[in-house]
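On the provided structure of chain A, position chains B, C and D as indicated by the hints.
Residue numbers (the working numbering), protein chains in the order written: chain A, 1 to 397; chain B, 1 to 397; chain C, 1 to 379; chain D, 1 to 379.
The hints are simulated quantities; they were obtained by calculation from the structure and are not laboratory data.
Keep in mind it's a predicted model, so treat the numbers as computed, not measured.
For each residue, glycine too, the CB sits at the ideal point set by N, CA and C.
Please note: incorrect hints may appear among the correct ones.
Said to hold, decoys possible - For lysine to any residue, the following SDA-like pairs were computed, each having C-alpha atoms within a straight-line distance of at most 20 Å: (1) B:K255 to C:D220; (2) D:K142 to D:Y211; (3) B:K392 to D:V278; (4) C:K100 to C:D220; (5) B:K260 to B:G65; (6) B:K392 to C:D220; (7) C:K143 to C:G173; (8) B:K262 to C:L377; (9) A:K260 to A:A82; (10) A:K180 to C:G270.
To be verified - Here are some chain C residues pointing at chain A (derived, C-beta under 10 Å): (11) T37; (12) R264; (13) D366.
Unchecked claim - Residues from chain B that keep clear of chain D, each with C-beta distances beyond 12 Å, as calculated: (14) E34; (15) G35; (16) P107; (17) H356; (18) R374.
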Amino acid sequence: MQLEFSPAEIAFQKEVRTFIAENYPQNLRSVQDEGHDLSKEDFLSWHRILAKKGWIAPAWPVEYGGIGWTATERFIWSEELAAADCVGTMPFGLSMVGPVIYTFGTPEQKAKFLPGILSGDDWWCQGYSEPGAGSDLASLRTKAVRDGDHYVVNGQKTWTTMAQHADWGFFLVRTDPDAKAQEGISFLLINMKSPGVTVRPIITLGGEHEVNEVWLEDVRVPVENRVYEENKGWTCAKFLLAHERTGIAAVARSKRGVEKIKAIARTEQDGDRPLIANPFFKRKISELEIDLTALEFTELRSLAGEAAGKGPGPESSLLKIKGSEIQQRITELALEAVGHYGAPYFRGFGEGDNEHPIGPDYAHRAAPTYFNTRKTTIYGGSNEIQRNIIAKLVLGI
Amino acid sequence: MQLEFSPAEIAFQKEVRTFIAENYPQNLRSVQDEGHDLSKEDFLSWHRILAKKGWIAPAWPVEYGGIGWTATERFIWSEELAAADCVGTMPFGLSMVGPVIYTFGTPEQKAKFLPGILSGDDWWCQGYSEPGAGSDLASLRTKAVRDGDHYVVNGQKTWTTMAQHADWGFFLVRTDPDAKAQEGISFLLINMKSPGVTVRPIITLGGEHEVNEVWLEDVRVPVENRVYEENKGWTCAKFLLAHERTGIAAVARSKRGVEKIKAIARTEQDGDRPLIANPFFKRKISELEIDLTALEFTELRSLAGEAAGKGPGPESSLLKIKGSEIQQRITELALEAVGHYGAPYFRGFGEGDNEHPIGPDYAHRAAPTYFNTRKTTIYGGSNEIQRNIIAKLVLGI
Amino acid sequence: MDFSYTETQDMIRETLSRFLADTYDFDSRSKMIASGTGRDPAIWKALAQDLGMLGASFSEEHGGLGGGYLENALIMEELGKVIAIEPYLQTVVLGGGALKAVGGAVADAVIPEIINGNVIIAFAYAEPQGRYNLANIRTTAKKDGAGYVLNGHKGVVYAAPWATHLLVTARTGGATTDVNGVSLFLIDANARGIVRRDYPTVDGFQASEIYFENVAIPADALLGDEGAGLPLIERIVDEATVAVCAESCGVTAKLHQGTLEYARQRNQFGQPISRFQVLQHRMVDMFMEVEQSKSMTTMATLKLDLPAAERMAAVSACKAKVSRSAKFVGQSAIQTHGGIGITQELAIGHFFKRATMIENQFGSADHHYERFERLTLAD
Amino acid sequence: MDFSYTETQDMIRETLSRFLADTYDFDSRSKMIASGTGRDPAIWKALAQDLGMLGASFSEEHGGLGGGYLENALIMEELGKVIAIEPYLQTVVLGGGALKAVGGAVADAVIPEIINGNVIIAFAYAEPQGRYNLANIRTTAKKDGAGYVLNGHKGVVYAAPWATHLLVTARTGGATTDVNGVSLFLIDANARGIVRRDYPTVDGFQASEIYFENVAIPADALLGDEGAGLPLIERIVDEATVAVCAESCGVTAKLHQGTLEYARQRNQFGQPISRFQVLQHRMVDMFMEVEQSKSMTTMATLKLDLPAAERMAAVSACKAKVSRSAKFVGQSAIQTHGGIGITQELAIGHFFKRATMIENQFGSADHHYERFERLTLAD
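So that you can see chain A by itself, here it is in the shape it has in the complex (with noise of 0.2 Å):
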């Protein structure tokens, strides 16, 4: 065992520092640090720039155009993109359907599909929930009828992260009405442009548009857009959520976001002290560094099983609890961080809307954000679920 990086790893490390520092859109940093709303201009110009360079990828098989990096170069590489405070890419086609595809899709659908997720030009969203089946994926009804070499689906998603943006979705829909749970389900690729599709906006607590409801009214697809076979959906929508909750632990970002909490902490005045003097705010953080420190080691521990060939397992489950319950305990620190300037409510920014928000520039998206952020524990299959994966799958209760 050893923690340091080899020279190799070093120089590596250089080189994606210098990459980013050269490359990161300037014009993308500002719109951050004001605090605005990102558009999809926004997240596609960085985009762009990593597919260009050959680096959008770096979880892929290389023949599909991954990059070949180590479990370590990866680490290295989101460590650094965090540092850098990169915007995300989306998720929606690299890490979910994108895999997905080239684990079980045809050649032709690894053709058709795998480059526009690549360069960007397709923006994919995820049509899993339904209003009556959150947590409980496999209740869900939208149906899809056979019809010659199309299927004909009717039904209704809802939490459709940034659909307002999407070319293309990807959805488990009852292929077998008869079957119970869990059998009967398919995975299809629809085109989000088809007729009978709409996509309504959910505006959340904090004001955003960020997630939508999908209603699908006779939109026919047709069957080659179908991954894997008929009623077997449902292996690839395990086999996704596995992916979704190793991502999902975050702990390169949440690294920043204790910086940025110290940050405030070392801006606000509390008393005679700097906030970050009082012992019980320096407490929470510390406890919070400690935390996350737990989490990127078990994350690094997971990481090396993998790579001595243990696929992520139902273990992933504790990455997704104690990753979200990080990234939520960030988001209270910074609200309790800002006092009284956490209750002004902010959604300027909008056309013509030039006013500076009241406060210190980092107080205006502090309760928004934290108001926001309890999605964490409940999206992805919520916390709740996770426990029961880990009882039943790891524990065997």
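Same frame as chain A, but now just chains B, C and D:
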């Protein structure tokens, strides 16, 4: 609403305070201060003084030997007892079987058993739990088979506190083997000196002998020692459990416990300051103290409800849960406070052993008490069971 | 000792509860907030004139019902149950509390106008650098002839856009955090030189940044003695803190109740989620937090008239506990609701937002634990 | 970066695990503790001579296997899984650690004797007034001719009744809590003037109060430089702290596993209690705590060779987390077992006792959070 005591209540407070000061046995005080285990005679010495004064059963109706004190007077009484560090009276007669007998018993049973409970001549124990039935009390298997004017009892009870001293025990036994769960159970009073009764000690983690196994082999119990109807013993059991839960909050005693922690924390050094000046240790004390205030006022509100005619209901489970958690936290703080001197294992003070314990006087009982107090969230219906009760009976879920 | 309410108190609660059930359902509230002024003035008028509610805590000489802290607490609890955005806390508890404490001509003049709903008061005390220290004040009131001239910046002044009067803390002497030199003024909200920047708050109220630019105020705007206002300010803030705790009891009771109702009708894995033991126990824990908040609020309400040190310790014990309960109950409610809990469309999310703001209003849990410790846990 | 064990390390773990499975079941352990000396010396001899285990972390020049911190950690973890009462921590980790650090003739002389099981060392560092501050020392070592004279009282010295040598911290200068003036000595445990009061500990070891009454010790008992011993002491205590964390991983893994097994076979309300969701989630939380303890222990083990400030921060982060995990896992195990968990007759209660003692060994969670903050969170 008002918090202040009335002039009459203040006079009462003064009266009981004086009585305790003048009558509490001096030798009992030294046994306590030195951390000895208390003998049967230690407990009884104070019991007899209270019995003589007529103050042994404040909660009982006057006709059976109670005093007619108001809820506030009873509150004052328990505060004063705790403040003066008096040993408690054993609850098995006074708080448990006594109320069952005067509520459900025949005139003959009242005449036969109540005087011995009040005088202390009869030491009682409780035969409820069985090895296979912990929190699931109703699954008990001890059998009583009718044989003329006797029951013949066979079975095993466990966790029987202080059974080593007991003259009498009240037992739940199954009188109808075909009835389900809570039906078919009867409530029997068994003379512990009867042939076939065997008491075997269970030594707990701190090294104490408090609890026992009780074996019943062909024990003959006169039918007239059955309280209430045959197969209706569960009615008595439920009544008794509700009574047990209110006492279990132990507010006054925990207040005294917090005071002792403060005294230790003022003595123990932590670097250049007393431990109580350590902000984190201080915070644990203040959290404890505030939670105890919340419990106290919840109990007072509940008592006010009782006074207004609402009997102790399922919300008394709240008092059990919070009261037991607080008792445990007090022992945790004590153990944390004594530092290195929590480790020495000392069960001296036996016959012929007069060696002084290791470390400061308050240290040598810290670990055993901590271990022993884990029981408070387990016995009297575990805290998980209490939460189930609230869910079902208060919240209706 | 006695823990029962009087008949009048029971009646106040019932009357208000019925009125709010009729007027303050979630849709109506959302419409008020979306309207031009961000509230419905008719509600305030009705509270004053139809229900006599604004007089509940004032003496009969001033035209009130002769109540006090207990009445404020039970009214705030009812307002919390509908997350009302009425300026009762600012106008009656803080403004009225200050006026009752100083008495005299100004009280005789203004209290009746509070009671009949003509006066709305906002409390301008917080400053950007001050956090929860009430003596940390840079706003100055300089003697100028018979009156004073105000200069400074007050932040996050709830209800200021609606206010007829501002209750302002300012320095008539001393350095920024000195205990002495603090004074309290009640001034006309529209006085010349007051610049407001108004905005909504995350919990549905309206608030302002207020800049005093050489605002001339008359001598009789001073409440109490010049430079010796801090004890008075501490007292009314303690009263307001307990009132907010009472509101929190209402808010969290509804969070708990709404969660119970949702869990009973939401099906997952073939049964109502209220059947899952983990959720059951969480809802039990929510119940226990609500009950303990009520107990602490009762305790602190009954101790508001004790000497300052005892009052402060009781209020801080109460707020420390209630802040934590508000956080736990709010977060648990959202988690149990799942995604639907964090949308704007359901009431539950808005109760959560108010509960979250209550956590830190008049001081966070940590702030109050520390004050409690300073007062009761000497080394 | 690399997180894999070598083949030798895998072999050490397997060999030890098999040996302990054969020799250290709960009944055997109870019998050792109840025996005259409170242990079975044959076990120690076997560990040394049959298994070569005591040499795992020593260099090949000294007759060891050439390992280090990782070997100590995995041996301590295995010992934790049977709550072994062997003096490995005191003898190998602390004594051996100090000897490796200072090297020279004393190391060459004593390390081989540790490896072959002839030497048992106890670490006499704690004093009644000192709590977890390693510099808080009143015991004095006064220069006397070529040697020193020891006077003072050391408390709760684990393994002292069994020891051939004592590793003693003492002041050769400075006032009670000075950083300078601290020295470390390795002395004969039977030297004249050493008075011991022996007793069992709650976690099954033997320990002593040790009184030094004018104990004459030779010059070569001094390890390192006179008066400059604190950094060395801090280092070996850090190494021991991580070793105790590794032990805790073994102890808590067994607490978790024992709880799972019990819950599967214990029936209540007509089903195994492992079917109750609240208990399931608690056992999941226990699992997560154990896993995170392992992660932190790995992290800290790999950082033991970093410069002092980084090493200390890593060790404190580890111990703070592991202390809390030990408490949570231990308490949860007992609560899930119910009454049977707090009797002497089941192993689970004894694992709980050891976990409880680990919480505060070499510093409580609070102590280590504070040290971590001092080192990493400057204002």
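Hints the structure fails to honour: Violated hints: 1, 5, 6, 11, 12, 17, 18; rest satisfied.
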